[in-house]
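Asks: Sequence:
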Amino acid sequence: AIEDSSKSSVYKATQLLYEEIIKNCSDHKLSNYAGDIYIDYDSNENVGRVHTNNMVIIFNEMGTGITGKNNPHPNVDDFFSGWEYDSNNHGEQGWWYPTDENDPNPYKWRKKDTGELKGWTKGIASKRMFYDALQTVSNQFGDIVKIEIEGRIGKIGD
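Letter 154 of the sequence shown, counting from 1, is numbered 1192 in my numbering, and no numbers are missing.
Check the hints yourself; a few may be wrong.
Calculated lysine to aspartate or glutamate pairs in the EDC-like style (CA-CA distance at most 16 Å, straight line) [said to hold, decoys possible]: (1) K1061 / D1074; (2) K1160 / E1130; (3) K1107 / D1124; (4) K1050 / D1080; (5) K1050 / D1078; (6) K1045 / D1078; (7) K1160 / D1124; (8) K1067 / D1124; (9) K1050 / D1074; (10) K1061 / D1170; (11) K1067 / D1080; (12) K1156 / D1138; (13) K1045 / E1083; (14) K1107 / E1122; (15) K1149 / E1139; (16) K1160 / E1122; (17) K1156 / E1139; (18) K1107 / E1130; (19) K1156 / D1141; (20) K1045 / D1074.
None of these hints come from the bench; they were simulated from the model.
All chains, full assembly: derive it from the sequences and hints.
Replies: Following this line, the structure appears as structure tokens:
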């Protein structure tokens, strides 16, 4: 019963982590990228994982440019050991990037010769959707385990 509770606790925590990340993405107006966030659970190893390879999500998680450097991710070394802020030394001048009409950035310019739309930025602060979700679920994990065990063997205390 305890082993089953352990497995169901990890599975439940992985589900909650995924849901919290999706909520955090929505809070940061990134819900259109939710389809690029994946949840995996290996019942043989009892390991759950939530992940993405989408660079828009990763850039928003970690932060970029001088703005990100001034508002960095709290765990750069653990998650992305090689992450650099303002790697091209744009500083306060920022940079122009290719974009489209759906980009919420108000600083846009269209090249007259090609018609290409460009957006200007100094980068973005870390939005920490994954990190904050992990903190939330980690703080709930003891309660998750207790609920799962009690569901299998009965009440175990106050």
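Asks: Now, for every hint given, state plainly whether the structure supports it.
Replies: Against the structure, the hints:
1. Restraint check for K1061 and D1074: the C-alpha separation of about 14 Å stays at or below 16 Å, so the hint holds.
2. Simply put, K1160 and E1130 have alpha-carbon atoms about 6 Å apart, close enough for the 16 Å limit, and the pair holds.
3. As the CA atoms of K1107 and D1124 are separated by approximately 7 Å, the hinted pair is consistent with the 16 Å bound.
4. Restraint check for K1050 and D1080: satisfied, since their Cα atoms lie roughly 13 Å apart, inside the 16 Å limit.
5. Proposed proximity of K1050 and D1078 is supported: the alpha carbons are some 12 Å apart, at most 16 Å.
6. Only pairs whose Cα atoms come within 16 Å are accepted, and K1045 paired with D1078 is accepted, the gap being roughly 14 Å.
7. Between K1160 and D1124, the direct Cα distance comes to roughly 9 Å. Compliance with the 16 Å bound is thereby established for this hinted pair.
8. Distance hint between K1067 and D1124 is unfulfilled; the C-alpha atoms sit about 23 Å from each other, more than 16 Å.
9. In summary, the hint linking K1050 to D1074 is not supported, as the alpha carbons are separated by about 21 Å, beyond the 16 Å threshold.
10. A hinted pair counts as satisfied when its Cα atoms are at most 16 Å apart, and K1061 with D1170 qualifies at roughly 11 Å.
11. With a CA separation close to 31 Å, the supplied pair K1067 and D1080 exceeds the 16 Å bound.
12. A distance of roughly 8 Å separates the Cα atoms of K1156 and D1138; the hinted pair therefore holds under the 16 Å criterion.
13. For the given pair, K1045 sits about 9 Å from E1083 by alpha-carbon distance, which is consistent with the 16 Å threshold.
14. A distance of roughly 8 Å separates the Cα atoms of K1107 and E1122; the hinted pair therefore holds under the 16 Å criterion.
15. With a C-alpha separation of about 14 Å, the suggested pairing of K1149 with E1139 holds against the 16 Å cut-off.
16. Taking the CA atoms of K1160 and E1122, the gap is about 14 Å. The hint holds against a cut of 16 Å.
17. The hinted pair formed by K1156 and E1139 meets the criterion: a straight-line CA distance of about 10 Å does not exceed 16 Å.
18. For the proposed pair K1107 and E1130, the alpha carbon gap of about 11 Å is at most 16 Å, so the pair holds.
19. This hinted pair checks out: K1156 and D1141 have alpha carbons roughly 10 Å apart, not beyond 16 Å.
20. Distance restraint check for K1045 and D1074: the Cα-Cα separation of roughly 26 Å exceeds the 16 Å cut-off, and the hinted pair is therefore not satisfied.
Checked against the numbered hints given earlier, this structure breaks hints 8, 9, 11 and 20; the rest are met.
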